[in-house]
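Participant: Work from the hints to combine the two standalone chains into their complex.
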Amino acid sequence: MIQSLAALLQNEAVHEFVATQAWAWPICEMIHFFGMALLMGTVGLLDLRMLGVAKALPVAALERLTPWGIAGFVLNLITGYVFIVGSPGGPKDSLANTAFQLKMAFILLAGLNVAAFHFTGVSRRASALGQGGDAPFAAKIVAASSLFLWLGVIYFGRMIMYSDSFYVREYYGF
Amino acid sequence: MNEFFAALEQGSVGLWVRESPSMFAYTGLITVHAIGLAFAVGFSWAIALRALGVARAVPLEAMESFFGAVWIGFWLCAVSGVAMAIGHATTDLTSPMFYIKLGLIGMGVGSTRMLETKLRVGPSPLLAGAVIALWAGAIIAGRLNEYPALTGIGRS
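From first to last, the protein sequence lines stand for chains A and B. The first sequence runs 1 to 174 under my numbering. The second sequence runs 1 to 156 under my numbering.
This is chain B alone, in the form it adopts within the complex (with noise of 0.2 angstroms):
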């Protein structure tokens, strides 16, 4: 598995992420990744926000267009993730702290597509606190996963 994630770095695709002069490369691709968050995590946490009591007199059902720009945010992390986890294979894709990163993405992409699709219906206050919290949890396991040495759950 690590000679297929060696080959995976060192691939084109690999080599222009990391060593590309291009600002599509690497630093265009942490700039996309950070708006991306910002429209994901930001619109999902101010519509679980109003569906948690704040702001009452918005009219929750209308802020269902919103979530167009939430998935597009999540798109825009998706695709520039991939990109990113290509270029760093060997140390990201061995991390078990990226992959408790996914995991928490997995399960705030769910609560996200529930909250959307029972906004009509008034949502729980415990989906919307699970969308504010697994979106805050997936940024914190982001961070640690730069961090191996202080959570010892390291990168190889």
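Looking at chain A on its own, in the form it has when it is part of the complex (with noise of 0.2 angstroms):
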């Protein structure tokens, strides 16, 4: 399985611009941080708002700053597969990597968690909040749960690059 996923994503262009470029990791970390705070500042802004801060706000008005969380996670989607593909052993490297795996699965998550939102019909009543509106309680089930999955992927992210060393796997199996 991992190694046909591997084969999948291999990139020997990629592969070999991150190689030979120093500055093309690093560059991508900084857009990486970027997508991450557009993506958290946005996402994060409705779901406190759904979980009662900040009631003044009309929950559609803020939703027209979901673009830019969006383009924040695109941006993250590119620079994540820069890191992928450009790991000096290939994809493999992340693919087996046990917290990259759990980072994906939380970002399957809050996936799911935005598609039960609106396949619900949830977020039609929570988009009608007006000023004060307090939010229907599967609303604060759905911010709750973004808020703890996003949090969730820093944490698996973090993590990835320490899954090798000892203590990591000795204490937490990663």
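In short, the hints are calculated from the structure, not lab data. Each residue gets a CB set at the ideal place from its N, CA and C atoms; glycine is no exception. Worth double-checking, as some hints may not be accurate.
[Unchecked claim] Examples of chain B residues toward chain A, derived with CB under 10 angstroms:
hint	residue
1	Ala6
2	Tyr26
3	Ile30
4	Ala34
5	Ile35
6	Leu37
7	Phe39
8	Leu49
9	Ala57
10	Phe66
11	Glu146
Facilitator: So this is what it looks like as structure tokens:
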């Protein structure tokens, strides 16, 4: 499974570029942080509003900031792909890394959380919230899950480079 | 001075930060630093974008409540950052890039605080732009601090 996925993701040109251009990796890291801040800054605001912070804000208005969060996510998809493919040992470095696998699982769960938000109609009820409106309980569950999942994504993302260290394996089994 | 940094690094706090297997030591600190960054920079940027005219339907003055989350994020970064700097005192505290990062953070904090106080009267686009640029600069300097060989602005 990991081998075939690694073969699928493999890109010699990108791998070569990262291996020979010393600036490529740190610049992608900077962009990855920018993307993270854009995503958390906009989606996090919406989550906090639904959880009861800044109730004076109509939810539909705050949703206008969401495209910036999506842009941040796309930046991180692109730079994340560069990290996966540009790793010295190629894609299998990341794919075989437990912290990376957990990060991807949390991103998938965050995506399912958004899908559930939209397809159950909860998002329509949330968008209708005007100034001072209290979000329905289901929307609060979605918002709390969103915050938890994205913070988990950050946590496992940071753990990727420590997965190989002895004590992380010894204590957490990553 | 270098002896002081070495003593700091080899002291109990410095050793704990670098070598303790606790999840609250190094791996916890870098996680808290990233989460703090996401909150402090992310929410500051969102508010600054609104001040620049993005999503005009959002009443700007009502965004004031989010500054609480900005400052919680900032303090998470500050506390974890001080702990990590103690753990790497001989390299971080002798690196010019580290002080460039601190300078940008200082100006980032100042401009964000100004944005907060001027939110009700309408902050200038220049101020909102400064908030975005200064935090971006702090992230860039923070990353560059890890690559002294690239920049030639070294850690000893």
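Participant: Take the hints in turn and mark each one as holding or not.
Facilitator: Each hint tested on the structure:
1. Ala6: violated (24 angstroms)
2. Tyr26: holds (8 angstroms)
3. Ile30: Isoleucine 30 of chain B check passes; min Cβ-Cβ to chain A is 5 angstroms, inside 10 angstroms.
4. Ala34: It holds, given that the least Cβ distance between alanine 34 of chain B and chain A is near 5 angstroms, below 10 angstroms.
5. Ile35: holds (6 angstroms)
6. Leu37: Holds - the Cβ of leucine 37 of chain B comes within 10 angstroms of chain A, reaching about 7 angstroms at its closest.
7. Phe39: holds (7 angstroms)
8. Leu49: holds (6 angstroms)
9. Ala57: Holds. Min distance 4 angstroms.
10. Phe66: Given a least distance of 6 angstroms, the restraint on phenylalanine 66 of chain B holds.
11. Glu146: holds (7 angstroms)
The earlier numbered hint that this structure contradicts is number 1, and it is the only one.
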